[in-house]
Amino acid sequence: MALAETQAGTYYKQGESDAAKIPGYNVNDRGVISRNTTGLCWRTRDWTEENADCSCDPQAPKCQKPVEQVAAPTPPAPITEPEKITFSADALFDFDKAVLKPQGKESLDDFANKLRNIKYDLIIAVGYADRIGSDDYNKQLSMRRAEAVKNYLVTANGISPDRIFTDGKGEANPVTGDSCAGTKKTKALIDCLAPDRRVEIEVAGTQEGNY
163 MALAETQAGT
173 YYKQGESDAA
183 KIPGYNVNDR
193 GVISRNTTGL
203 CWRTRDWTEE
213 NADCSCDPQA
223 PKCQKPVEQV
233 AAPTPPAPIT
243 EPEKITFSAD
253 ALFDFDKAVL
263 KPQGKESLDD
273 FANKLRNIKY
283 DLIIAVGYAD
293 RIGSDDYNKQ
303 LSMRRAEAVK
313 NYLVTANGIS
323 PDRIFTDGKG
333 EANPVTGDSC
343 AGTKKTKALI
353 DCLAPDRRVE
363 IEVAGTQEGN
373 Y
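For the sequence shown, the numbering used here assigns the number 373 to the last residue and increments by one with no breaks.
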């Protein structure tokens, strides 16, 4: 009996009966698909891709496993730029003091309430002073004010102390620049330098609402 080779590399027997026990393949007397010495199955003329046996023709379309659709990973929540809020030290504290005034507490309460709409990572409170007085004194005063802000946010508003970082910059980075003349501690100079006395608060994290 003559043999013919298919493009797939398996073989069929010319003249094979249509009454094969397994459609498309020659079978032996045990009903098992016959194979040649290289292990290829014997195909018959009625072989089609639809009746392919996957053990013989795993490349047939019906034998291909469907490609699993891998769900795209959920993108991380967008990270916003740090929110920076500047509080006037004169609104929070009396001049040359580090004890919060009632008005200052109200401002911080309002700030803490707005934080409820934000999933944040860290709060950074940085105190600043004006240039009146010594550098060391101003640095210590600015640090005490930043700590006072932190303590109030922790004790009155339940914010974890581990999530608040404080620093005191003293008279560094003045807002007024060179616009306030004079060196003596006069009321005019104190009023002019008011913008330099401040506490800046940055909120870094993922915003989940409107601040």
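These are calculated hints, taken from the structure and not from any lab test. These numbers come from a predicted model, not from an experiment. Accuracy of the hints is not assured; some may be wrong.
Here are the computed distance ranges between Cβ atoms for each label pair [said to hold, decoys possible]:
no.	residue 1	residue 2	range
1	Ala233	Asn313	45 to 55 Å
2	Gly344	Tyr299	16 to 26 Å
3	Gly320	Ala233	54 to 64 Å
4	Asp298	Lys246	23 to 33 Å
Cβ coordinates follow ideal geometry from the N, Cα and C atoms, glycine included.
Hints, one by one, checked against the model:
1. The given range of 45 to 55 Å is respected by Ala233 and Asn313, whose C-beta atoms sit roughly 46 Å from each other.
2. Between Gly344 and Tyr299 the C-beta distance comes to about 19 Å, which sits within the given range of 16 to 26 Å.
3. Separated by about 38 Å at the C-beta atoms, Gly320 and Ala233 break the suggested range of 54 to 64 Å.
4. Against the hinted window of 23 to 33 Å, the Cβ-Cβ separation of Asp298 and Lys246 comes to about 27 Å, which satisfies the hint.
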